[in-house]
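Colleague: Each chain, letter by letter, is given below.
4 protein chains.
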Amino acid sequence: SRFQYVRGFESEARLLPNTWIVVRIDGRGFHKFSAKHGFKKPNDARAINLMNAAAVACMNEFPDIVMAYGESDEYSFVFDKRTQLFSRRGDKIMSSIVSFFSSTYVMQWPQHMVDAEGQPEPLVATPHFDGRCVLYPTLENLRDYVAWRQVDCHINNLYNTTFWTLVLKGGLTEYEAEQRLVGTFSKDKNELLFSEFGINYNEEPLMFRKGSVLHWRRIPVTVTKEGPTSKADPTPVVRTVTRQKLTVIVDHCDLLQEEFWTEHADVFTSSSVYANGPREAKGAAKGRGRKAKHSSETTTIVEPKEAAPAASEASQRKRTAEQACGE
Amino acid sequence: SRFQYVRGFESEARLLPNTWIVVRIDGRGFHKFSAKHGFKKPNDARAINLMNAAAVACMNEFPDIVMAYGESDEYSFVFDKRTQLFSRRGDKIMSSIVSFFSSTYVMQWPQHMVDAEGQPEPLVATPHFDGRCVLYPTLENLRDYVAWRQVDCHINNLYNTTFWTLVLKGGLTEYEAEQRLVGTFSKDKNELLFSEFGINYNEEPLMFRKGSVLHWRRIPVTVTKEGPTSKADPTPVVRTVTRQKLTVIVDHCDLLQEEFWTEHADVFTSSSVYANGPREAKGAAKGRGRKAKHSSETTTIVEPKEAAPAASEASQRKRTAEQACGE
Amino acid sequence: SRFQYVRGFESEARLLPNTWIVVRIDGRGFHKFSAKHGFKKPNDARAINLMNAAAVACMNEFPDIVMAYGESDEYSFVFDKRTQLFSRRGDKIMSSIVSFFSSTYVMQWPQHMVDAEGQPEPLVATPHFDGRCVLYPTLENLRDYVAWRQVDCHINNLYNTTFWTLVLKGGLTEYEAEQRLVGTFSKDKNELLFSEFGINYNEEPLMFRKGSVLHWRRIPVTVTKEGPTSKADPTPVVRTVTRQKLTVIVDHCDLLQEEFWTEHADVFTSSSVYANGPREAKGAAKGRGRKAKHSSETTTIVEPKEAAPAASEASQRKRTAEQACGE
Amino acid sequence: SRFQYVRGFESEARLLPNTWIVVRIDGRGFHKFSAKHGFKKPNDARAINLMNAAAVACMNEFPDIVMAYGESDEYSFVFDKRTQLFSRRGDKIMSSIVSFFSSTYVMQWPQHMVDAEGQPEPLVATPHFDGRCVLYPTLENLRDYVAWRQVDCHINNLYNTTFWTLVLKGGLTEYEAEQRLVGTFSKDKNELLFSEFGINYNEEPLMFRKGSVLHWRRIPVTVTKEGPTSKADPTPVVRTVTRQKLTVIVDHCDLLQEEFWTEHADVFTSSSVYANGPREAKGAAKGRGRKAKHSSETTTIVEPKEAAPAASEASQRKRTAEQACGE
Ligand SMILES: Nc1nc2c(ncn2[C@H]2C[C@H](O)[C@@H](COP(=O)(O)OP(=O)(O)OP(=O)(O)O)O2)c(=O)[nH]1
Ligand SMILES: Nc1nc2c(ncn2[C@H]2C[C@H](O)[C@@H](COP(=O)(O)OP(=O)(O)OP(=O)(O)O)O2)c(=O)[nH]1
Ligand SMILES: Nc1nc2c(ncn2[C@H]2C[C@H](O)[C@@H](COP(=O)(O)OP(=O)(O)OP(=O)(O)O)O2)c(=O)[nH]1
Ligand SMILES: Nc1nc2c(ncn2[C@H]2C[C@H](O)[C@@H](COP(=O)(O)OP(=O)(O)OP(=O)(O)O)O2)c(=O)[nH]1
Ligand SMILES: O=P(O)(O)OP(=O)(O)OP(=O)(O)O
Ligand SMILES: O=P(O)(O)OP(=O)(O)OP(=O)(O)O
Ligand SMILES: O=P(O)(O)OP(=O)(O)OP(=O)(O)O
Ligand SMILES: O=P(O)(O)OP(=O)(O)OP(=O)(O)O
Ligand SMILES: [Mg+2]
Ligand SMILES: [Mg+2]
Ligand SMILES: [Mg+2]
Ligand SMILES: [Mg+2]
Ligand SMILES: [Mg+2]
Ligand SMILES: [Mg+2]
Ligand SMILES: [Mg+2]
Ligand SMILES: [Mg+2]
Ligand SMILES: [Mg+2]
Ligand SMILES: [Mg+2]
Ligand SMILES: [Mg+2]
Ligand SMILES: [Mg+2]
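Residue numbers (my numbering), protein chains in the order written: chain A, 1 to 327; chain B, 1 to 327; chain C, 1 to 327; chain D, 1 to 327.
A few of these clues could be false.
Heads up, the list lumps identical chains together, so a pair's fine if it works in one copy or across two of them.
In silico DSS-like links for lysine-lysine, alpha-carbon gap of 25 Å or less [to be verified]: (1) Lys-41 <-> Lys-187; (2) Lys-32 <-> Lys-92; (3) Lys-41 <-> Lys-189; (4) Lys-41 <-> Lys-92; (5) Lys-32 <-> Lys-169; (6) Lys-225 <-> Lys-169; (7) Lys-36 <-> Lys-169; (8) Lys-92 <-> Lys-36; (9) Lys-189 <-> Lys-169; (10) Lys-41 <-> Lys-225; (11) Lys-41 <-> Lys-169; (12) Lys-187 <-> Lys-169.
The set of hints was computed from the structure by calculation and includes no laboratory data.
Assemble the whole structure, with the sequences as input and the hints as a guide.
Modeller: Structure below.
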C-alpha cells in the first residue's frame, strides 16, 4: 500500500559481531511488588526459585544463552558471542527474552508462590521487567560483569540479612536498624550477626549469598526402547539406550573464583569462529541453535524449592533434585 | 567494587525528542501458538479481546500512551510525542511495555479464553512477543503508520475470511482454497464471498475488519461521598459527586478517515511544548504522567467478549459494556 | 577473500527520514589557531569571509543543503528534510561535509588571509574541524536551533567587542577587562561601549553581530549564444538568453525575526513528500540533487572581503558583489 | 537562552570501550579527481606519498593511533583499544581525523605533486574524503580487517598493473584490455606480465603491491646541548644527549605474515587495562596521549618521494630517508 514507506523509519541495528551479548532484566517496582505479595524478608526462597524457573525456561527456549546469573529481582542472560539469533538484532533478542521471562513468571507463579498449606498466593499486581542489551568485547570484561552482579548480590544480602535480623530478632525498629548499620563494613556486619545473634553469615544458604548461576550440562539419560535390532532381523527387542541430554543446571558457585570458568572453558574460550570467516560462523551458530534436536532432549533441573540452610556448601550446589518447569 | 567499570559499556541512548514513539509488539510464532490453543479461524474473538485487554492494561499503566492499535497477534502503542517516560530511553520504554503486555496476557488468559461451557482453555505454551521502537517525526507519518497497519489488517482479514469460508463452508482443501485465490483482487474476493456463500463482507464484525483502536476519553462518573459540607458546619451529609474519569475506549473505527483524527485533534496537534523550552516540556509531561491521581481514577472499558456479527456499525463501536481488566 | 567478513562489523545506520539534518562543524583549538595566525580581535573579517567561502563551496557541492549558518569558528549546514544524499547515512554526510570544508578552507586561505600589502599570511598550523549530525523533527525545532546559534553569536560578540575595546582602546589589561565585565548584562555592555567609547554597538558590522546566513536564490543571468534559430533555417545568429541560476547568497539577517522564514517558506514548508510514499520522495530528491545541471549553473556570491562598518544595514545584506570561490 | 533546549537533540553516543576503533577514510570520486590531475597509471608514487604524508601527520596529531594502513585513495587508522580520545565519541574522532587529513592533503599538495621540472601541479578540484568508524572486538578481527584491505590492494594492483601494461605497452585499447582480462586468475595475470612483457610482478615496488603500513618506533636522536653540568659548577659545557623519539615509520610489509604482529606485540596485546578498572585505564590512556611531551619529540619519517622499483625488498622497507611533514 502507499503507506508502506513508513517501514523505512525502522532501524534494524545489529549488535557488533563476535561480542558477548548480555541481556539484563530487572523487575519494575519490585520493592512494592514484593511487599504487596508478602515476600519473606530479607529473602524469599519461593520468589527466587520462581525467578530461577523463569530463567531456566528462557535458556531452554533460547539455547544460544550460554549462562545466566540471577539475584534479587534481576537476571542476566549471556549469549554465545557467535550467536546469530535474530541476526543479532538487539531489540528482538532483548524483547523476546523479557517477554518470555515475564510470561513464564506469571505462568509458574502458582507452583512456586505457595503458602504453608501449599495454597498459591493470589497474584494481585502485574509483575513486569525492564530489559537492556549490553555488549562485552572480551571474556575478561564478561567475567567482570558477572562478578559485578555477584558482588552486588553479596553486599545487598549481607546488609539485608543484618538489617532484618536486627529488626526481626533484635526488636529494633527499621529506623534504628538503619542507624545501627550506618558506616559499618562487611566485617562489622559479620561480627554483629555472630556475636549478637549467633549467626555465622557464611552458613546462610548459598543461594542467598551467591545468587544463582545457570549453565548447561550434558547428563546421561537412560531410556527404554522397543524395536527390531536390525533390518535383517525384525524381531522386536527391548533395549536401554543412554543419551546425553543438554540440561540447565542451577548452581550457586562463586564466579570470582577460577573454578567455574575453568570447568566451562570450552564454552567461553572456543577460538573465534570469525577467524575463518562467516561461513563457518553460521555453521557453528546453527549447530548450537539447532532448536528441534536440542530442546526436545532438554531436561530442566533446578534447586529444591526451599533452600536448605543447614546443608553443606557442596550439597547445596548443582543438585538435580526436582524438575521445576514441566514444560 | 573494582568491577563497576563494566557499567560503562551500557549505552543509554535516548530517543529523539519531540517525535512520536511507536512501540509495536508482535506474537512470536503465533501461527503455531494459535493452532495449539485451537483459536477459531479466521478470527477468534476471545483471543482478540484478550489482546485488547492486555493493551488496555498497558495504557492504564503507562498513561503517556495516547493511542494503540491492534490486529492479529500484534499491537502498536503510540506515545505522546512529548513523553519523558524513562527519559525517553527506548529500550526501557519498549521492554517495559512488552513485559507488561506479556504478563497481562497470561494473567487474563483464563477470563478470556473460555470454552462453550465457560471453562478456561489450558495454556500449554508460553505466549511471548517481540518488540520494537519506531520514531515518526510528523503527525502525517504517524497517521500513515497506523493506516499501514489497518490496511494490513484489512488485506489479511479479507484473504483469511475468503480462504476459510472456501475451506469450512465450501469444502475445499487448504491447498485448493489457496489455488483458488491466487491472483485475485479485493473485489474478486468480495464477489466470491457474496455470490457463492451469500456473505456480505462489509457486514462482518468491525473488530475483525478494522482491528482495534484504543484511546482515552473522559467519562463522567458519579460517586457518593459522605462528609461535612464546610468547615463551618461539621454535620456530615451524603452527596453525589460527578467526576471526569480518564478511561480507555476500545473502538474499531476507520483510521484512514478524518473523523478519528479530528475528534482527537487536541491530543495529536497540541503545539509543540518544545517551542518554549524544556522546563515547560517537563511540566506538561509530568501532568500527563502524574500516575497516582490519574490511574487511580481509571476505568478500563472494552468490547463485549463476543463480537456481535449482526449489530449495526454504530452499535459495534465504542461501547463501554464490560470492564475487562479488573485491576 | 576469507577476510571479507569484517565488512559485517560496519554499521550502516541511516538517519530518520523526513527529519531536518543539521551538520555542525567547529574548528578544533581555534583559540590557539587564531592567535598563531594573528586573527584580528575580536573579529577578523578575512577569517570570517574565508569560513563563508568554504561554506558556500559546500553548498555548491552538496545542493541538498538548503541553508547554512556560520559564526566564529563554526558552521551549521541544514539539509532538505527529504534529502536522500548517501541514502541518509549520517557518517557519510557529515564526514564529506567536514572534509570538503577543510580542504576548501586551506585552498582558499591565500585569497582571503592577506595582509595590508595583499600578501597571503603563511599557514603555519593545520586547520581542522570536528563535525556532528543533529536531527530536528519540526521546523519549529529547526528554527530554534539556528536561533540558538545566532543568540550565541550575539552574546559572544557583544562580550568580545566590549572586552577588546576595554583592552585595545581603554588600555586595561586582559585581566582587568575580564573583572570589569563580571556580572554585567547586555544593556550594561551596550551602555559601557557607548558612554565610555562612543561606540554604538548596533552600528557594528552586521556580519559580526548576526553571523552569516547562506541560502539559495535564483538570479537571472544573461548569456550570449550563437547558433541557428531553427532546424529549418541554419543561418547562425547571435542571441542573448536569460537563465535563472541557482546561486548561494551570503546574508546577515536576523533569524529570530519572521522575515527570513516567510521569504523562504517554499523551501521550509513544502508539504512532506513522504505523504505520497517513497517513489515521489526519491523523484523529488533527485530533482534537487541533479548535480550536473544544477551546479554547472551555480554562481557563488559572497560579501565583500572587508565588512564595511559604516554602511547601512540594508546595504550590508545580500550583496552579490564578488565571486569568492572561483571554482 | 530559551533556545538551548535544542542541545538535547544531540546524541553523544560513545563507542564500546575496550574495542579497536578503526577510522577508514576514502577519497570521494577519486576516479575523476585522479584523472583531472593527471595521476600516473596505474600508480602515481607522488599521490601515494602525499596520502602517506597526510596520514603521518594524523598520527602525530592523534598519537592514540597505533597503526595506519593506506592504499589507493583510502586510509585506515587504528586506535589503541583503550583510547579515551574525545571520551570515545565516534563522530568527534572520525570527523577530526577526516578533517585533519583533508587539510594536510591540500597543504602538502605542492611539495608532493610536482612535475618533472619540480613545479607543483595546480590543484583544480577539491579533494575530499568520506569517513567511517568501525569497531573490532578482538585482535584477530583487527588483523583480518587490515588483511582485508591489503588483499584488496593486491588484487586491484595486480589487475591495474596488467591492464595498464596491456594498454600502455601492449597497445591495446582500454576495452580490449578489459576483455582480455575477463575471467583471469592471479597466476594468469602474473604469467601474462612475465611472458608477454618480461615483467616480474613480484619485482614491482613494494609500496604499490603492499600499500603502506604506518607505525611508531622509538629512534635514538642525538642532540647537542649547552649549559652548566650542575648547580655547583656553573661553567657551561657542550654535551651531546641521546633521546628516544617516538617516530612514525612508513613501511610496506606483508600484514598477512606474523612478523609485523610479533614485532609490535606490545602494542597490540598489552593486557586489557580494563581488568583493573577505569582508573588505570585513564592513566594508561593519558600516558599515550600526553600530547605535549610526546609530539614535541616526534620526527616524521617517510619513504623517498619516488618509489625505487629496482631496490631489494629489504631496502624498500622502513627507510627513514626524508622528513615529509615539516610541521
Ligand atoms: N522481601 C523481599 N524483597 C525482595 C526480594 N527480592 C527482591 N526484593 C525487592 C527488594 C528491593 O526493594 C527490590 C529490588 O530492588 P530494585 O533496585 O530493582 O528496585 P525496584 O524494583 O523497586 O525499582 P526499579 O523499578 O527496579 O527501579 O525487590 C526477596 O526475596 N524478598
Ligand atoms: N486462528 C487464528 N489465528 C490467528 C489469530 N490471530 C493471529 N493468528 C495467527 C495467524 C498468523 O499465523 C499469526 C500471525 O502472523 P505473524 O506474521 O505474526 O507470524 P508468527 O507470529 O507465526 O511468526 P513471527 O514470530 O511473528 O515471525 O497468528 C486468530 O484470531 N485466529
Ligand atoms: N581573534 C579572533 N579569534 C577568533 C575569531 N573567530 C574565532 N576565534 C576564536 C575565538 C575562540 O577562542 C575560538 C572559538 O571558540 P571555541 O569554543 O570553538 O574553542 P576552540 O576552537 O579553541 O576549542 P574547541 O576545539 O572547539 O573545543 O576561536 C576571530 O575572528 N578573531
Ligand atoms: N591513476 C591513478 N588513479 C588512482 C590512484 N590511486 C587511486 N586512484 C583512483 C583509481 C580509482 O578510480 C579511485 C579509487 O577508487 P574508489 O573505489 O575509491 O572510487 P572513487 O573514489 O572514484 O568513488 P567513491 O567516491 O570512493 O565511491 O582512485 C593512482 O595512484 N593513480
Ligand atoms: O535501577 P537501579 O537503580 O537499580 O539501577 P540501574 O538499573 O542500573 O539504573 P537504570 O535502571 O536507570 O538503568
Ligand atoms: O514478522 P513479519 O514477517 O510479519 O514481518 P516484520 O515483523 O516486519 O519483520 P521482522 O519481525 O523481521 O522485523
Ligand atoms: O566545544 P564547546 O565547548 O564550544 O561546546 P560543544 O561543541 O557544544 O561541546 P562538544 O564539542 O564537547 O560537543
Ligand atoms: O565505496 P566503495 O564502492 O569502494 O565501497 P565501500 O566504501 O565499501 O561502500 P560505501 O562507501 O557505500 O560504504
Ligand atoms: Mg534499573
Ligand atoms: Mg527492580
Ligand atoms: Mg533490582
Ligand atoms: Mg515480525
Ligand atoms: Mg507474530
Ligand atoms: Mg503478526
Ligand atoms: Mg565543541
Ligand atoms: Mg572551536
Ligand atoms: Mg566554536
Ligand atoms: Mg566507499
Ligand atoms: Mg574513493
Ligand atoms: Mg577507494
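Colleague: Look at each hint and say if it fits the structure.
Modeller: Checked hints:
1. Lys-41 <-> Lys-187: within (22 Å within a copy, 64 Å between copies)
2. Lys-32 <-> Lys-92: Result: close only across copies, 19 Å inter versus 29 Å intra.
3. Lys-41 <-> Lys-189: within (17 Å within a copy, 63 Å between copies)
4. Lys-41 <-> Lys-92: neither (35 Å within a copy, 28 Å between copies)
5. Lys-32 <-> Lys-169: Intra 23 Å, inter 53 Å, cutoff 25 Å: intra-copy only.
6. Lys-225 <-> Lys-169: Neither: 57 Å inside a copy, 44 Å across copies.
7. Lys-36 <-> Lys-169: The answer is within: 22 Å in one copy meets 25 Å, while 52 Å across copies does not.
8. Lys-92 <-> Lys-36: So Lys-92 and Lys-36 pass the 25 Å test across copies only (23 Å; inside, 32 Å).
9. Lys-189 <-> Lys-169: within (15 Å within a copy, 70 Å between copies)
10. Lys-41 <-> Lys-225: neither (48 Å within a copy, 39 Å between copies)
11. Lys-41 <-> Lys-169: Answer is within: at 12 Å inside a copy they meet the 25 Å cutoff, but 60 Å across does not.
12. Lys-187 <-> Lys-169: Classified as within: same-chain Cα gap 20 Å, cross-chain 69 Å, threshold 25 Å.
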